[in-house]
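As given, the protein sequences belong to chains A and B, one line each in that order. Each residue of the first sequence is one higher than the last, beginning at 1 in my numbering. Each residue of the second sequence is one higher than the last, beginning at 1001 in my numbering.
Bear in mind the hints are in silico, worked out from the structure with no lab data behind them. No experiment lies behind these values; they were computed from the predicted model shown. Cβ coordinates follow ideal geometry from the N, Cα and C atoms, glycine included. Treat the hints with care, as some may be off.
[Said to hold, decoys possible] Some but not every residue of chain B turned toward chain A, in silico, with C-beta under 7 Å:
no., residue
1, Ser1002
2, Leu1004
3, Asp1044
Number of protein chains: 2
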Amino acid sequence: MSRLDSFIRRLEAQRACLNQAALAIADLPGPVLELGLGNGRTYDHLRELLPAREIFVFERQLAAHPASMPDAEHLILGDIRETLPAAGARIGAPAVLVHSDVGTGDAERNAELAAWLAQVLPPLLAPGAWVISDQPMRSPALAPLAPPEGIAEQRYFLYRHRTD
Amino acid sequence: MSRLDSFIRRLEAQRACLNQAALAIADLPGPVLELGLGNGRTYDHLRELLPAREIFVFERQLAAHPASMPDAEHLILGDIRETLPAAGARIGAPAVLVHSDVGTGDAERNAELAAWLAQVLPPLLAPGAWVISDQPMRSPALAPLAPPEGIAEQRYFLYRHRTD
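Looking at chain A on its own, in the form it has when it is part of the complex (with noise of 0.2 Å):
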């Protein structure tokens, strides 16, 4: 497989991932959050999956398409982990769908971060609440999800906010 290949499997599972948690908290108040806005092609899709929502966007460098550009009301500028755990405040409800997509080259600091965001996030969220993310998240709070169909496992990964 060819890294165009690849890299085209993984913006039909991130697309596909996205797709299914938007169905799945339709009937759940709260807002939307993406950690890491990169170009911004996820957080437009997001926007235009739930045009209703609040969608509090989290990026350390500004580096995203015009045409995909929070206001200055939904995103939260610096180290997140700086930013996500003073969050609460400035989200001003429990927070229904994450997707997190913070992911770079390499693969020990996206470890330790998935770890850390794994340990920061529950608190955030609302019950029910769904997780997409680039890397997996381990936390007995985070109930861990078949991938869509027709998606591998271990391409994008997908947990429920666990309520009991």
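We have chain A already, so just place chain B on it with the hints.
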């Protein structure tokens, strides 16, 4: 359609065009030209499709993934307007496939560069060579081809070097 949807369609169109062109030129001798390396994903795909071909890559400024870096002999760095017209000797034989992905966010510049390429490319091509392009090219030497099945018109552009 979100920007994520649109991006996936563009990559799928790119891949379908490359796959079709690689089949079409399978029995014709000659090297391949990749105009614009970028991340290197389509270069990686071309290498996989055509493992026995020489692939010459033209790029202004290297930003490719290390896994998709051509060797020094096949990498021609610099402004394509300076490097391409003089590339015949370096390439050594008429090219049988060209993939041009040099567009940027600047539509005027893209149109101008595509018009220039449509003049400069044909003398470098073997009879029956294919040109795959992110921009439309107009030249009496380039016959437009229909897109592969399932790919919308105008998403990516295919041409065959006229021999009549």
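Tested hints:
At its closest, the beta carbon of Ser1002/B sits 4 Å from a beta carbon of chain A; the interface hint therefore holds under the 7 Å criterion. Using the Cβ-Cβ criterion of 7 Å, the hint placing Leu1004/B at the interface with chain A is satisfied: the shortest such distance is roughly 4 Å. Interface hint status for Asp1044/B: upheld, as the beta-carbon distance to the closest one in chain A is roughly 4 Å, under 7 Å.
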